[in-house]
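Number of protein chains: 2
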Amino acid sequence: MERKKITIVGVGLIGGSLALQLHEKKISSKLIGVETNEFHAQKALELELVDEILPLDEAILDSDVVILAIPVDSMVTLLPQVLDKIDHQIVVDLGSTKSQLVDAVKNHPKRGRYVAAHPMWGTEYSGPQAAIRGAFEKVAVAICNAKESDTDAVEWARNMFGKIGMRLLEMDAYAHDLHAAYVSHISHITSFALANTVLEKEKEEGAIFDLASAGFESTVRLAKSNPAMWVPIFKQNRENVLDVLNEHISQLRKFKSCLEKENYDYLLELIEEANKIKGIIK
Amino acid sequence: MERKKITIVGVGLIGGSLALQLHEKKISSKLIGVETNEFHAQKALELELVDEILPLDEAILDSDVVILAIPVDSMVTLLPQVLDKIDHQIVVDLGSTKSQLVDAVKNHPKRGRYVAAHPMWGTEYSGPQAAIRGAFEKVAVAICNAKESDTDAVEWARNMFGKIGMRLLEMDAYAHDLHAAYVSHISHITSFALANTVLEKEKEEGAIFDLASAGFESTVRLAKSNPAMWVPIFKQNRENVLDVLNEHISQLRKFKSCLEKENYDYLLELIEEANKIKGIIK
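In order, the protein sequence lines correspond to chains A and B. If you count the first sequence from 1, you need to add 12 to reach our numbering. If you count the second sequence from 1, you need to add 12 to reach our numbering.
Isolated chain A (complex conformation) (with noise of 0.2 Å):
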């Protein structure tokens, strides 16, 4: 795999992540970052997660791939213009909901150019400093309406995901915001409601946390997410998430009613159900 020269919009978690990567597995020859975020921009170059930071323009022109690793909203604004700027360069994008940023585009004279991928990766922290070294690897990475893109540009896409350790899966983009809904937006809301649960007893009960455990900590830790990047997921992916949602309350509805009636089969019934995960996760 030839080496690139690759721009990474949006060097926070997600970008500052696969930018160690790309240097890693030797995927890039020079890696620019484009932050609008001072801060954020600083921090890139102390930690070395990229070579220089550029304005967008400049970095587009210098570079064979740009990568962008935004928030979803600002995702969908910038992606066309992005395209409209790009002449040669392949354009990747690693936002968490894949609709309507592939709607956004679907007429762009370059479309071609575009690849729209979501890794499955991520962790509670935002930013550069949470950037981590050896990320995404064995994880999956969904690749959506690859016919839509040219050849080359989905076939390096492939090769730069395989390369770091990924496990490639392709699909349609509705599919791909329905299965995110179910495998990671709804863990985010059931987590964020969890501790707005806690946190709001915790005003009587200072003692309370004193007890919390590992399966606490366990079940609550993506309460800590960035609402920068989460609410425009919920935002673009409302419909499947509310699906998911009543489906979920619904759900623990059940187990109020088992223990509302002192019904101790069917709570039994349902935690038998509920352990066939073991078959499916680790």
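The hints are all genuine.
Remember, identical chains collapse to one label, so a pair may be satisfied in a single copy or spanning two.
Mimicking DSBU-like on lysine-lysine, the simulated pairs with C-alpha atoms at most 35 Å apart in a straight line are: (1) Lys118 x Lys213; (2) Lys290 x Lys55; (3) Lys215 x Lys175; (4) Lys213 x Lys268; (5) Lys288 x Lys55; (6) Lys175 x Lys16; (7) Lys17 x Lys37; (8) Lys150 x Lys17; (9) Lys122 x Lys42; (10) Lys150 x Lys215; (11) Lys290 x Lys266; (12) Lys266 x Lys213; (13) Lys247 x Lys118; (14) Lys215 x Lys159; (15) Lys37 x Lys122; (16) Lys273 x Lys247; (17) Lys290 x Lys150.
Simulated from the structure, these hints should not be mistaken for laboratory data.
Using the hints, position chain B against chain A.
Same frame as chain A, now just chain B:
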């Protein structure tokens, strides 16, 4: 701390992990297991969690300390029987609920020999094979209604938990059960319900789990937990769990309402509120 002959009733995840620590930290001179499940008894010997398996009566006669690590419904039945049988022995339980247990032996002539404890540790696995070396370290343990225990008994329990690296908390059994509902029991219910939400969908959409991320695994891992342990916990702590579950459902409804009304400012506020959990869990 003088080494003692210790019986562990229930050599599963919790009892087995404690046995490993009691041996490792030189707290026990001999470890006796009492285990009604033949397969678990055999495994506990094979894994050298205990030195021998004995019937309860013989085990008590040969012990200085009896530790109960069985589901909380069996505990309520067995604890008074154990107190009937003991003489000088110290009895400690490790159950996840405390009120019913403490109430069940409130007027027992041997009440003083008993120490009510709940180490805030566990995993989603069960049985002696799930026992882990180094468990309990740096984790909180609640000792409840210590004033109802004899000084020598509670002192021994404090020293034992301290020696295996636990952080001691003392509280009333009712306060414990309320707090445990918030920082442990509700996490399990949300996780069970989340698993059922996604498993329900998976019947239609086989590929959904290909996309599962670490975030999803983190929020759903508790859904693997053993129903034989958890149904009795929810049963005994029914009222507190129902209160928290109602609060949690109403918090989820706020997210639902934001999405339905497309009120993204309030959604941002809800997430920023949830982010305050950062100040509480590391």
